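S.K.: Next come the chains, spelled out residue by residue.
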Amino acid sequence: MQESEIRKQLRAWILRRSQSKAKTELADDTPILESGLLSSLDVVELILFIENLKGAEVDVDDIEPEVLTNVNTIYDGFFRGEAA
Amino acid sequence: METATELAVRLSKASRKKFWNVYSVFDWPEKLDYSHWFMPPELISLYGTPAWEKLDEEQRHKLSLFEMANLFSLTAQGEMPLVQGLIGQMYPHHDPDITGYLHHFLDEENKHMVMFTEFCRRYIGKVYLYKKIALPRKYEKGEEDVSFFIKALTVEEIGDYYNVLAAKDERVHPIVREINALHHSDEARHIVFGREVMRSTFEEHSADWSKATLAGVREWIANYLRSSWADFYNPAVYRDAGIPDGYAAREFALGSEVCRAHRKRASEKLVSFLLESGILEVEPVL
Chain A
1 MQESEIRKQL RAWILRRSQS KAKTELADDT PILESGLLSS LDVVELILFI ENLKGAEVDV
61 DDIEPEVLTN VNTIYDGFFR GEAA
Chain B
1 METATELAVR LSKASRKKFW NVYSVFDWPE KLDYSHWFMP PELISLYGTP AWEKLDEEQR
61 HKLSLFEMAN LFSLTAQGEM PLVQGLIGQM YPHHDPDITG YLHHFLDEEN KHMVMFTEFC
121 RRYIGKVYLY KKIALPRKYE KGEEDVSFFI KALTVEEIGD YYNVLAAKDE RVHPIVREIN
181 ALHHSDEARH IVFGREVMRS TFEEHSADWS KATLAGVREW IANYLRSSWA DFYNPAVYRD
241 AGIPDGYAAR EFALGSEVCR AHRKRASEKL VSFLLESGIL EVEPVL
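These protein sequence lines are chains A and B, in that order. For the record, in the first sequence the residue sitting at position 49 is 49 according to this note's numbering, with numbers rising by one throughout. For the record, in the second sequence the residue sitting at position 271 is 271 according to this note's numbering, with numbers rising by one throughout.
Since the hints were derived computationally from the structure, they do not count as laboratory data. Bear in mind the structure is a predicted one, so any value in this text is a computation, not a measurement. The beta-carbon is built from N, C-alpha and C at its ideal position, and this holds for glycine as well. Don't take every hint at face value.
Across the chosen pairs, the derived CB separations fall in these ranges [stated by the list, open to error]:
| hint | chain 1 | residue 1 | chain 2 | residue 2 | range |
| --- | --- | --- | --- | --- | --- |
| 1 | B | Gly88 | A | Leu15 | 36 to 44 Å |
| 2 | A | Asp29 | B | Gly216 | 24 to 32 Å |
| 3 | A | Met1 | B | Val22 | 40 to 48 Å |
| 4 | A | Ala56 | B | Gly216 | 20 to 28 Å |
| 5 | B | Val285 | A | Arg80 | 35 to 43 Å |
| 6 | A | Leu15 | B | Lys54 | 42 to 50 Å |
| 7 | A | Asp29 | B | Glu53 | 38 to 46 Å |
| 8 | A | Leu15 | B | Val164 | 35 to 43 Å |
| 9 | A | Gln2 | B | Lys54 | 28 to 36 Å |
The list that follows gives simulated cross-link-like pairs (lysine-lysine, DSSO-like), each with its CA atoms no further than 30 Å apart [unchecked claim]:
| hint | chain 1 | residue 1 | chain 2 | residue 2 |
| --- | --- | --- | --- | --- |
| 10 | B | Lys132 | A | Lys8 |
| 11 | B | Lys13 | B | Lys111 |
| 12 | B | Lys168 | B | Lys151 |
| 13 | A | Lys54 | B | Lys132 |
| 14 | B | Lys13 | B | Lys269 |
| 15 | B | Lys132 | B | Lys264 |
| 16 | A | Lys54 | B | Lys54 |
| 17 | B | Lys126 | B | Lys151 |
| 18 | A | Lys54 | B | Lys126 |
| 19 | B | Lys126 | B | Lys168 |
| 20 | B | Lys141 | B | Lys62 |
| 21 | B | Lys54 | B | Lys31 |
| 22 | B | Lys141 | B | Lys151 |
| 23 | B | Lys151 | B | Lys138 |
| 24 | A | Lys54 | B | Lys62 |
Covered by chain A, per the in silico footprint, the following chain B stretches (three or more residues, Cβ under 8 Å) [said to hold, decoys possible]:
| hint | segment |
| --- | --- |
| 25 | 127 to 138 |
| 26 | 230 to 241 |
Next comes chain A alone, as it looks inside the complex (with noise of 0.2 Å):
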């Protein structure tokens, strides 16, 4: 998957899962959990979306929570270096 689509995808689902009826779009550098669009019990939903775009298991541990920031850290933390 092309990283813009791998882009547009995050934010499609972070907006879609933050039901925000003032937002229709998102910047990649928007913070998300600071913002309020995402609260904590919406990570382990986003960390399984991610998943499900990489079509491979996320293992936790690995991760700070800084890498939730926003989907410019996302993608680094999480796709950088396999897009196609």
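Mind docking chain B on chain A? Use the hints.
M.R.: What follows is chain B alone, placed relative to chain A:
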């Protein structure tokens, strides 16, 4: 009304009477006989969904093993923070009778973790690991205690629904029935104690909270229950059972009315307690 101390004394007596040794009580079979179920089929997370309909009988039995291993994995990992938290409560705050019961509580939780992980290791070769990541957050006074006991009660009460039904189901493999029966026997006491502590902890702290904090705590509890249920729909379980596109099967089941009705049934006792005790005001959508 029974005081917390009297309750602790009563539960300690019951714990001593029912004391058991996790290292000698089980006669672990070398191999599992797959003609059995390992979870009653009606409790399997995909039951009643198109993914379930596509499975043949053998695949359904196989899925039931991974589903029970997922329940055991979730319960063992749910009990770990409970044990950590209870250790911190033991000596500084309570009277000797309450501390005495907490020793039993910890002993029993430790044995549960041993039997659950032993089952998983022997028969599926792993424990399904939580995908949770701890994020730093700020709490109002007492909020962290309330969330701690909500987490403990949730893992115990929902797990107990499965334990009771699996333990008495003759279609289920004897070793699975035995584990579920033993867990239920201890958890019945833990739930009584946990509810009492939950109720008093909430009453103690909620009186000092602002309306906004109280609403936030209630919203978190409802979200926590939903997120706990989502853990039962594990794509890794579906993958291990040979179900193609486990993630899609999970998403379908989470949104399915059949599965929602199951979640509601299984959560009924817990939700009733939360409503009756005033911890929640509105029944959460699960």
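S.K.: Hints numbered earlier in the text: which of these fail when held up against the supplied structure?
M.R.: Hints 4, 6, 20 not satisfied by this model.
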